[in-house]
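Colleague: Top line first, the protein sequences correspond to chains A and B.
So for the first sequence, UniProt numbering puts the first residue at 1; every next one is plus one.
So for the second sequence, UniProt numbering puts the first residue at 1; every next one is plus one.
Derived from the structure by calculation, the hints contain no laboratory data.
A hint or two may mislead.
[Said to hold, decoys possible] Distance condition first, Cα-Cα at most 35 Å in a straight line; then the derived DSBU-like pairs of lysine-lysine:
1) K37/A - K59/B
2) K80/A - K59/B
3) K80/A - K193/B
4) K54/A - K156/B
5) K59/B - K34/A
6) K34/A - K35/B
7) K156/B - K188/A
8) K34/B - K188/A
9) K35/B - K59/B
10) K247/A - K156/B
11) K289/A - K254/A
12) K152/A - K156/B
13) K171/B - K188/A
14) K193/B - K152/A
15) K37/A - K34/B
16) K171/B - K37/A
17) K132/A - K193/B
18) K35/B - K37/A
19) K80/A - K156/B
20) K34/B - K54/A
21) K152/A - K59/B
22) K193/B - K83/A
23) K34/B - K132/A
24) K240/A - K295/A
25) K35/B - K188/A
26) K336/A - K289/A
27) K240/A - K37/A
28) K171/B - K54/A
29) K171/B - K59/B
30) K83/A - K59/B
31) K54/A - K193/B
32) K80/A - K140/B
33) K83/A - K34/B
34) K59/B - K339/A
35) K295/A - K350/A
36) K152/A - K80/A
37) K132/A - K156/B
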Amino acid sequence: MAPIEKEEEIHAIVDDLSVRLGQLGDGWLTASEKAPKYFEFTPIELYAFTERLKLAEPTISETNTSADLSNTVDFLSRVKNLKIRGSRGYVRSSNIVCNSLSLSLHHCKNLLSLWVADFDVSRIEGISHLRKSLRRLVIHYSMSRIRDFFVKEELSVADFEDSWESLEEADFSFNHLEEIDDSIRSLKALVRLNVSQNRLTSIGSTLQHLPRLSYLDLSKNNIASVSGWSQLLGQISVLKIANNSIKSLEGIAKLYSLEVLDASDNQLDTIESVIFIGNLPCLEVLNLKGNKVRKVVEYRTRILEAFEERAGLVTLDGQPGDAHEKDTIAVRLALKKAKEEKEMVDRERKEKIERSVRYISNCEGSDTSPYGSFRNNL
Amino acid sequence: MSAGPYNYSYIFKYIIIGDMGVGKSCLLHQFTEKKFMADCPHTIGVEFGTRIIEVSGQKIKLQIWDTAGQERFRAVTRSYYRGAAGALMVYDVTRRSTYNHLSSWLTDARNLTNPNTVIFLIGNKSDLEAQRDVPYEEAKAFADENGLTFLECSAKTGENVEDAFLETARKIYQNIQDGSLDLNAADTGVQPKQVVRPTTGGSAAPGERKECNC
């Protein structure tokens, strides 16, 4: 912990920013209206800016009138796509630890996208001001708990309950997340969530509170089971669970909205561990590459067969069923159907006989002759 | 290059001052967003807003610093006076105490701004007629005595809010036109638009490391 102690340094950094943003900021923002891009700041610049605003000093530097603090505030209040890229260890040759600097995004009221990399999100303050506008949030290599970004001391409980009404996409891949905690409940508008490349062992029980979530990437985690996921996930259409250690897909047999499932590189060893998903009425893309089940005899036809008459619509491991597979499946389905029909006819016949026998026994000793109707029924 | 919303000839800097709770942030919000902000939190430190307006056919960008009314922020607030072309001094027509404090705000403003700074007096919350505590005539007399322009406004209904900001800009612009405001002097709070160096198709101009293509 070694914050910048000298106000001079804060001034130097902010003055430099203000001069450049005064000259070029408008031009950059105008250009980015047509071709959106991220504007990148370092944590030390934003830290210096945050501290500068706390100083009781005029907004214009004594020595350099073009170093006007308004230029920086103005730019930050209008910028739409902001990137904060920190670094590990010390700032250049100083004894300042980059990730120990706190900064505030209080004035960034028009942000649509925020990208944070190689920093510590618990050091970011003022995020309540992003709630209304932010649509996309990307955080890499910067957090071990989701709540470190969303839950701040500055926020009261009521604030925490308020939702992020515009945030549709969150990419938290490449972090050290061990769980998807409760704080994600406030992301009511979330459509896409990427938490791949973390240390998750389960999805927790909070995703069910995200009514619009339809894309979920959980690749490269430590998940061993998908048990009960049909109850924990709502209208998911794309689910990526590649590179985990999942042994059975039974838990998602009722995730009826699923269209794309990537379960490659898991521990799915048998046909029986997979065919639960044959019931999914919308599934069109299924990837099982890198699983032992692919070594099972007649793997493709047996998996596709599970989809019955929809088999022709499903792409398995990047390929739709070929003519031969389709024929085989068609023949098998026909045989199966014939067998089922025969079974059904037999069953009905048997039931009728039983009904009639019951009827006869009920009618014994009555006035009408039971034998006539018995014959007719047969 | 100079198309779009960033095309303007001058930047004018404003500050908004006045007691806590008189509606400074709401006035700013009404002016920049054209909406009333209910349940506005106390301003911590300072807020900022911009809008581009037109005066006599010239596009002018207003950069508005909205200060905290709480006494504990007074030192920080004072630092924003310097370099302001316009100061909007606000009181609450339903609370006499906020009106009584005007003389101390005015002293600060006179001492800390430059002589050309246009000071505009605003009596906010004019929609709350039933709770009025300061008569219009009284405030008008105070304004005339001190050479201030005065309007009663409502950040809630938006009444006169636009006029207060625009009238201030007109006065500043007039000062430029008649030469009483020297554009070359520092701290006037007026900046002619800095000339943008043509950047060639987004390729690396000096200082362009702020941009990033990912």
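Colleague: Against each hint, give a clear statement of whether it holds in the structure.
Modeller: Now for the hints, and whether the structure bears them out:
1. Distance hint between K37/A and K59/B is fulfilled; the C-alpha atoms sit about 27 Å from each other, no more than 35 Å.
2. Taken as a hint, the K80/A and K59/B pair is honoured in the structure, with Cα atoms around 23 Å apart against an allowance of 35 Å.
3. About 22 Å separates the Cα atoms of K80/A and K193/B, which keeps this hinted pair within 35 Å; it holds.
4. For a cut-off of 35 Å, the pair hint linking K54/A to K156/B stands: about 30 Å separates their Cα positions.
5. With a C-alpha separation of about 22 Å, the suggested pair K59/B and K34/A falls inside the 35 Å cut-off, and the hint holds.
6. At most 35 Å may separate the alpha-carbon atoms for a hinted pair to count; K34/A and K35/B meet this at roughly 27 Å.
7. For the proposed pair K156/B and K188/A, the alpha carbon gap of about 30 Å is at most 35 Å, so the pair holds.
8. This hinted pair checks out: K34/B and K188/A have alpha carbons roughly 27 Å apart, not beyond 35 Å.
9. Taken as a hint, the K35/B and K59/B pair is honoured in the structure, with Cα atoms around 23 Å apart against an allowance of 35 Å.
10. Restraint check: the Cα-Cα separation between K247/A and K156/B comes to about 61 Å, which exceeds 35 Å; the hinted pair is violated.
11. Among the hinted pairs, K289/A with K254/A is consistent with the structure: their alpha-carbon atoms are about 22 Å apart, no more than 35 Å.
12. With a C-alpha separation of about 31 Å, the suggested pair K152/A and K156/B falls inside the 35 Å cut-off, and the hint holds.
13. At most 35 Å may separate the alpha-carbon atoms for a hinted pair to count; K171/B and K188/A exceed this at roughly 48 Å.
14. Taking the CA atoms of K193/B and K152/A, the gap is near 39 Å; set against the 35 Å cutoff, the hint is violated.
15. For the hint pairing K37/A with K34/B, the CA-to-CA distance comes to about 28 Å; that is within 35 Å, so the pair holds.
16. Only pairs whose Cα atoms come within 35 Å are accepted, and K171/B paired with K37/A is rejected, the gap being roughly 39 Å.
17. For the suggested pair K132/A and K193/B, the alpha carbons sit about 31 Å apart, so the restraint of at most 35 Å is met.
18. About 29 Å separates the Cα atoms of K35/B and K37/A, which keeps this hinted pair within 35 Å; it holds.
19. Proposed proximity of K80/A and K156/B is supported: the alpha carbons are some 28 Å apart, at most 35 Å.
20. A C-alpha spacing of about 29 Å is found between K34/B and K54/A, which places the hinted pair at or below 35 Å, so the restraint holds.
21. Taking the CA atoms of K152/A and K59/B, the gap is near 41 Å; set against the 35 Å cutoff, the hint is violated.
22. About 27 Å separates the Cα atoms of K193/B and K83/A, which keeps this hinted pair within 35 Å; it holds.
23. Proximity of K34/B to K132/A is assessed by CA-CA distance (about 16 Å); at most 35 Å being required, the pair is judged to hold.
24. Under the criterion of a C-alpha separation no larger than 35 Å, the hint pairing K240/A with K295/A is consistent with the structure, at around 22 Å.
25. In summary, the hint linking K35/B to K188/A is supported, as the alpha carbons are separated by about 25 Å, within the 35 Å threshold.
26. About 28 Å separates the Cα atoms of K336/A and K289/A, which keeps this hinted pair within 35 Å; it holds.
27. Restraint check: the Cα-Cα separation between K240/A and K37/A comes to about 28 Å, which is no more than 35 Å; the hinted pair holds.
28. For the suggested pair K171/B and K54/A, the alpha carbons sit about 31 Å apart, so the restraint of at most 35 Å is met.
29. For the hint linking K171/B to K59/B, the alpha-carbon distance of about 15 Å falls within 35 Å, and the restraint holds.
30. About 31 Å separates the Cα atoms of K83/A and K59/B, which keeps this hinted pair within 35 Å; it holds.
31. For the given pair, K54/A sits about 28 Å from K193/B by alpha-carbon distance, which is consistent with the 35 Å threshold.
32. The suggested pairing of K80/A with K140/B is violated, with an alpha-carbon distance near 43 Å, which exceeds 35 Å.
33. Straight-line distance between C-alpha atoms of K83/A and K34/B comes to about 30 Å, which keeps the hinted pair within the 35 Å bound.
34. This hinted pair does not check out: K59/B and K339/A have alpha carbons roughly 83 Å apart, beyond 35 Å.
35. Only pairs whose Cα atoms come within 35 Å are accepted, and K295/A paired with K350/A is rejected, the gap being roughly 43 Å.
36. A C-alpha spacing of about 23 Å is found between K152/A and K80/A, which places the hinted pair at or below 35 Å, so the restraint holds.
37. A C-alpha spacing of about 21 Å is found between K132/A and K156/B, which places the hinted pair at or below 35 Å, so the restraint holds.
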